[in-house]
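Kindly produce the complete structure, drawing on both the sequences and the hints.
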Amino acid sequence: MPVLQYREAIRQALAEELTRDPNVVVLGEEVGQFHGAYKVTEGLLAKFGPKRIVDTPISEAGFIGMGIGASMLGVRPVIELMFWSFYSVAFDQILNNAANVRYMSGGQINCPIVIRGPANGGTNVGATHSHTPENVLANHPGIKVVVPATPYDAKGLLKSAIRDNDPVMFLENTMLYGDKGEVPEDDYLVPLGKAEVKREGTELTIVSYGRAMILSLAVANTLQQEHNRSVEVVDLRSIRPLDMDTVLASVRKTHRVLIVEEQKPFCGVGAQLAYMIQSEAFDELDAPIARLSTIDSPSIYSPPVEVAQLPNTERILKAALEALA
Amino acid sequence: MSKKSSAIADDRNASVAPKTGYAAAPVNASLSIDQKIELYRLMVRIRRFEERSLRAYQAKKIGGFLHLYIGQEAVAVGCCSLMGKNDHVITAYRDHGHAIAVGMELNPLMAELYGKVTGCSKGKGGSMHFFDPARNYWGGHGIVGGQVPLGAGLAYGLKFKGLKGACMTFMGDGAVNQGAVHESYNLAALWDLPVIFVIENNGYSMGTSQARSSAGDLARRAEAYGMSWGVCEGHDLYEVRAFMAKHLEEARNNCKPSVVEIRTYRYRGHSVADPDNTYRAKSEIEEYRRTKDPIQVFQAKLLEEKVLDLALVEKIDVEARAESDLSADFAEASPFPTADDLQKDVYWEADNPSERKSGGRLFFN
Ligand SMILES: Cc1ncc(C[n+]2csc(CCOP(=O)(O)OP(=O)(O)O)c2C)c(N)n1
Ligand SMILES: [Mg+2]
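Protein chains in written order, with the numbering used here: chain A, 129 to 453; chain B, 23 to 387.
I should point out that these hints are in silico values taken from the structure, not numbers from a laboratory.
In this text, a Cβ means the ideal position worked out from N, Cα and C, and glycines have one as well.
One or more of the hints may lead you astray.
No more than 25 Å apart at the CA atoms, straight line, and that leaves these computed lysine-lysine pairs for PhoX-like [stated by the list, open to error]:
(1) B:Lys268 / A:Lys287
(2) A:Lys175 / B:Lys183
(3) B:Lys379 / A:Lys179
(4) A:Lys287 / B:Lys107
(5) B:Lys278 / A:Lys175
(6) B:Lys379 / B:Lys107
(7) A:Lys326 / B:Lys379
(8) B:Lys268 / B:Lys181
Derived coverage of chain A by chain B (criterion: at least 3 residues anywhere in the stretch with Cβ under 8 Å from a Cβ of chain B; other residues may be distant) [said to hold, decoys possible]:
(9) 318–331
(10) 359–372
(11) 419–433
Below, the structure is given as C-alpha cells:
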C-alpha cells in the first residue's frame with residue numbers, strides 16, 4: 129500500500145472528489161498559485177484549473193459566506209482556512225448562516241460545505257494562531273466537526289465530509305502534515321461519527337483525537353514496554369456526530385478512563401465526554417474519570433513552555449499512571 | 023386573488039399608455055394592463071398583510087420582533103417583478119415585502135409569524151426568517167449585513183453553473199457599514215459576479231439617521247471597488263423598475279455587479295417595539311406619506327392611465343384585507359410545532375435517515 133504524508137492524503141482526497149463531482153470547488157487564501165500555505169493543495173491548480181481551485185483575498189467572512197450562498201445552489205465548496213484560528217472573523221457566517229439556514233428555513237435549504245485547515249498549538253505561533261475550536265464549533269447544532277489524526281483517516285474522512293450534505297468543519301494539524309502512513313489509492317471512505325480503537329488494552333481507556341491521540345498511542349506503548357500496563361486508545365475522529373458506543377464499549381472493558389485533548393479545559397470536548405461517560409456507564413467505573421487538557425491560559429509563544437502547556441507525552445504518561453493507580 | 027372586474031376588462035382599449043418619464047421606459051411600457059394591476063395589487067397586499075400582522079402582534083399572537091415594511095413596498099415589488107427564472111433574492115430581517123413580492127402566499131407567512139407549523143419555515147424562523155427557495159427567495163436574515171456574502175455566493179453559484187441570472191442582495195442603510203458587506207463588494211467586483219447590492223435606504227438604522235452613521239454617499243463606495251453604482255427614488259414603482267432593469271441586464275448579460283441605493287422610507291418604528299418618538303419628527307413621516315406614499319403614487323398613475331378606476335381600487339383593497347384576515351384565521355387555526363419538531367431540520371442527514379452515512383450521535387439530549 130502506498131505510504132503518504134497526512135497532507136498528501138488530504139490532497140488525494142481533494143483531487144479524487146474534484147474529479148468525481150464537477151460541483152466541488154476548492155477556495156481559500158493561497159490555495160492555487162502559491163500551492164497552499166502548508167502545501168496541502170499543491171498541484172491542484174495545474175490539474176483542475178482556476179474555476180475549480182480559487183485563490184481568494186483575505187476575507188474569511190466574505191468567502192466563507194459566499195461559499196455558503198453558493199452551496200445553497202448546489203455548488204460544493206471546500207474552503208481552506210489558512211489557520212482555523214481565523215474562523216473568528218467569519219464566525220457569524222459559520223454559526224448564523226451555515227449552522228442555522230436549514231433550521232430557519234424549516235428544512236428547505238441545506239448547506240453542503242466543508243471548511244478545512246489546521247487547528248493546533250505547538251508551532252510557536254502564539255495565542256492568535258493556536259486556537260482549537262472544535263468544542264466551540266460542535267456547540268452549534270447543524271454543524272459537524274471532524275478531527276483526523278492519521279493520513280488514512282484524513283483522506284477517508286475528508287471524502288466523506290465533501291459528500292456530506294451538511295456543513296462539515298474539518299480540523300487538521302500542522303504538526304501532523306508531514307506524518308506518514310499507509311493510504312490506499314482506491315476510493316475508500318471513513319464515515320463521520322465512527323470512532324476507532326487504535327490500540328487494544330485492558331486496564332485503562334484513553335479517549336482522545338487529533339495529535340493528542342497520536343501522543344497517547346506513544347504513551348500507551350511506553351506503558352506496555354516499561355510499566356507492563358495495558359492501555360486501550362480510542363480515537364474519536366469525529367466530535368459531532370460523536371460515537372459514544374465505541375467509547376462506552378471500551379469503558380466497559382477497562383473500567384478506567386483518561387480523556388486527553390488538545391483543548392483548553394473549560395467547556396472543552398473532554399467535559400462533554402466525561403459527563404456522558406459518567407451518566408451512561410457510572411457503574412462500570414472503578415475510578416473517577418481523569419482528564420488532561422491544554423493548560424488553561426492563552427497559548428504561549430515561548431517554545432519550551434508551549435510544549436509544557438500542551439498535552440505532551442510526559443504529561444500524558446503522568447496522568448495515565450495516576451489513572452491506573 | 024387575481025380575478026379582474028369586467029369593468030376593467032371593458033376599459034382596456036381606453037387605457038392611455040404614458041409617453042414620457044419612467045412609465046415610458048421599455049420595461050414599463052411593455053407591461054400589460056393586467057400586469058400593472060397585479061403590481062398594484064401586490065403592494066396593497068403587502069400593506070394590508072402587515073397592518074393585519076401588527077394587529078395580531080398587539081393582540082399578543084406574535085412574539086419577538088416585527089419589522090414592518092410599510093412605506094417601502096415599491097422597492098420590493100419593483101425589484102422582484104423583474105425576476106426571471108434564474109434571478110434570486112436575499113434580504114435582511116425586514117423581509118415580508120420581498121416574500122410577498124416573489125409570490126409567497128399570505129397564509130404560510132402569517133402562520134410563520136404566529137409560530138405555527140404551517141408557517142413557511144414551520145414556525146422555526148419567525149418574522150425575520152422567511153424563506154422560499156422554490157421561488158428563488160433565500161431569506162430573511164437577522165444579522166445586519168450577514169446575508170450579503172450569501173448573496174454574493176448565490177451569484178457565484180449562478181456563474182459557476184453557467185446560468186444567466188442575477189442575485190439581488192438587499193440590505194439596509196445601516197448594513198453598509200458592516201465589514202462583511204465590503205468583503206462581498208470586493209469579491210463581487212474582483213470575480214465579476216452577477217450580483218446587485220441593493221441598499222434600501224429608509225433613512226434610519228433603528229434610531230440612527232444615515233447622517234449619524236455613514237460617511238459619504240452610500241452607493242458611491244462601489245467606486246472604490248471599480249463597480250458601477252446608482253441611486254433612485256423608491257416611492258415610484260416605475261422608476262424602481264426602469265432603474266433596476268438596467269442593473270439586472272448588466273449583471274445577467276455581462277456579469278457586472280453593481281451597488282444601488284434606493285431611497286425609501288418606513289412609516290412605522292424600526293420594529294413594533296420601537297416607540298418611535300426619539301429620533302424623528304412625526305411631521306417627517308406625515309410629509310412622506312402625503313407626497314410619496316408608493317401605493318398612492320402608483321394608484322394615481324394607474325388612475326390617470328385608466329388602468330384602474332375607483333371601483334377596482336376599492337375592490338383590490340377589500341380583497342387584500344379579506345385575504346389578510348383569512349391568513350390570520352388560518353394562522354390562528356393552525357397547530358404549533360411540538361417539542362418533537364425541535365430536532366428536525368437541523369441536519370440533512372438526520373432528516374433523511376435512510377440515506378445517512380455517518381454513525382454516532384448528532385444530538386446530545
Ligand atoms: C450584527 C447586528 N448588529 C446589530 C443588530 C441589531 N439591529 C437590528 S436592525 C438594526 C438597524 C439596521 O438598520 P438598516 O440596515 O438601515 O435596516 P432597516 O432596519 O432600516 O431596514 C440593528 C442595529 C443586528 N441585528 N445585527
Ligand atoms: Mg434603514
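Hint-by-hint comparison with the structure:
| no. | hint | in the structure |
| --- | --- | --- |
| 1 | B:Lys268 / A:Lys287 | violated (43 Å) |
| 2 | A:Lys175 / B:Lys183 | holds (20 Å) |
| 3 | B:Lys379 / A:Lys179 | violated (29 Å) |
| 4 | A:Lys287 / B:Lys107 | violated (33 Å) |
| 5 | B:Lys278 / A:Lys175 | violated (29 Å) |
| 6 | B:Lys379 / B:Lys107 | violated (34 Å) |
| 7 | A:Lys326 / B:Lys379 | holds (22 Å) |
| 8 | B:Lys268 / B:Lys181 | holds (19 Å) |
| 9 | 318–331 | holds (count 5) |
| 10 | 359–372 | holds (count 6) |
| 11 | 419–433 | violated (count 0) |
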